[in-house]
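Guided by the hints, dock chain C with the ligands onto chain V, whose structure is given.
Listed here are the chains, written in short residue letters.
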Amino acid sequence: MSTSRIPEILRKHEAALLDDWTREQNQLGDISHRLSEADLRAQSRRFLQLLQEAATRGDAADTDTEAFREVRRFLEEVSASRAALGFSPSETATFVFSFKQPLFNQIRASLPSAEDQLAEIWTATLLLDKLGLYTMETYQKTRESIIARQQEEMLELSTPVVKLWDGVLALPIIGTLDSSRTQTIMENLLEKIVETGSELAIIDITGVPTVDTLTAQHLLKTVTAARLMGAECIISGIRPQIAQTIVHLGVELGDIITKASLADAFRIAMQRTGHVVVRKAATSRL
Amino acid sequence: MEVLKSDSLPIRTSEDMVSVRTSVRKFATELRFGIVDQTKIVTAASEIARNTLDYGRGGDLRMEALSNGTKRGLRLIFTDRGPGIRDIERALTDGFTSGNGMGLGLGGTRRLMDEFEIASKVNEGTTVTITKWSR
Ligand SMILES: Nc1ncnc2c1ncn2[C@@H]1O[C@H](COP(=O)(O)OP(=O)(O)OP(=O)(O)O)[C@@H](O)[C@H]1O
Ligand SMILES: [Mg+2]
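First to last, the protein sequences are chains V and C. Numbering follows UniProt numbering, with no gaps: position 267 of the first sequence is 267. Numbering follows UniProt numbering, with no gaps: position 25 of the second sequence is 25.
There's no promise every hint is true.
As the list claims (entries may be wrong) - What follows is a list of derived Cβ distance ranges for each label pair: (1) Thr273(V) <-> Gly58(C): 29 to 39 Å; (2) Gly230(V) <-> Glu115(C): 43 to 53 Å; (3) Gln244(V) <-> Lys71(C): 14 to 24 Å; (4) Ile146(V) <-> Asp94(C): 34 to 44 Å; (5) Arg62(C) <-> Ala148(V): 16 to 26 Å; (6) Ser98(C) <-> Gln271(V): 38 to 48 Å; (7) Glu117(C) <-> Ile268(V): 36 to 46 Å.
Simulated from the structure, these hints should not be mistaken for lab results. By construction, the Cβ of each residue, glycine as well, lies at the ideal position given by its N, Cα and C atoms.
Bound conformation, chain C alone:
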């Protein structure tokens, strides 16, 4: 697998949410994702970025344009050094929220993307990696 292009963005303020969505959309468009996939990717990015901001006390996003020979892909890696997630299974359960959300962000993102991974350590932070491949 080859990384064709990459970029990083801070997620520290709610204004950063706008740049996250704008930049992710730009990457997705460049990779010639259709409008449905673009919308899915941007929405997923919005979900995870907001978690990074609200629960992870802010962090960073790394965007990678990938090629695996036959397909193009967009990988988004969100990292924070927040409190971490104690029970990942529970966090992924639809309807579970420790704040006052709908508890659909993580589960929904998993359904919107092709690949979904969470690595989290209590008191160290959380990394969520999501990928969408071209059809």
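If we strip away everything but chain V, and leave its shape as in the complex, we get:
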């Protein structure tokens, strides 16, 4: 049980607080193009209810406790939805901080003694500061995970197989090779091999940030499958640090041809398919 008068004030003046608060929020900045008046009011009402329940059950100045769990969860929702709607961090935290003024006013109006007013305003400040900061923190985490997801999605972009030359295909892989899309990539390559009757495929991993055992396993499987279709693979774009790491992992690439760059791989591919590349200036001098 809490000795603070805040729960009681929240309960008694819920309607007035809600009105004052929504007015305050509208004054602080126009967000109506991203969040309707009705939604904002519904959000505010819900927060008031949860806050009142939590402050009644627990200590109004300690928001880390079990009593405030629902409040924290609700603020997580608010900040996640605001992050997704493109609110800035301060616009998001304003939701909580803007409640200070209405609550302070109500405390002043409800308590006769100045000393009590001061004590309660102090408690209210602590309470709302903590919840506001919590909202900021979750906002930040949400933004980070949105960014990470976007990065992930970018990595999931389809990887097209390109025909470099007659009989030579190239598959430049960008992103991680440990997800479900590996299957698609592999199937695309095999299909293209059959379709074009290619005898060589260059798998370029310059754009693969990490080659761990799972990635290596997928690469090896692709190479084996391509061989069964009658095509040899060259793996290119193995940067020195990746080469070292693969060796330490103990991954054996067997007799697979590897090259540092796509250009080197292409040169080998031309040789293997019986092409000769000659510089034009050199030929004319003959």
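Just chain C with the ligands, lined up with the frame of chain V:
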């Protein structure tokens, strides 16, 4: 030894694997590890995180930036409450897998890092702690 900075991350979904690698790389860069060591650390993290996810039914990663006076270090602690590892020696053997991997994750990680420790109890879970020190 002093912990300069620490952070924790969940490992529950395959999307978390991306954040694990990204965050570990960020820590390693901040600690001014070179590109080779960075790659080794991130790869090791990827291995152990995937084991945590696939065999440990998910868990958490704690990252610690360390200083022992002369060297900087990055310590990664992976914890899960999964089935545990009955025979650690065997799990560490190159080529051993109970799933359909290559069985190189644990052994490879041990070779990539400077320090490697597994604590595991059957039916209670597994903690893998790996550390890399600056040269
Ligand atoms: N966190 C864990 N909980 C339970 N068992 C584990 C855990 N980590 C590893 N193991 C066991 O140890 C074995 C070896 O792990 P390791 O990472 O070396 O190989 P893998 O994951 O099977 O294959 P790879 O990592 O090469 O893709 C696993 O197959 C699994 O049985
Ligand atoms: Mg593994």
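Checking each numbered hint in turn, tell me which of them this model violates, lowest number first.
Per hint list: single violation, 1.
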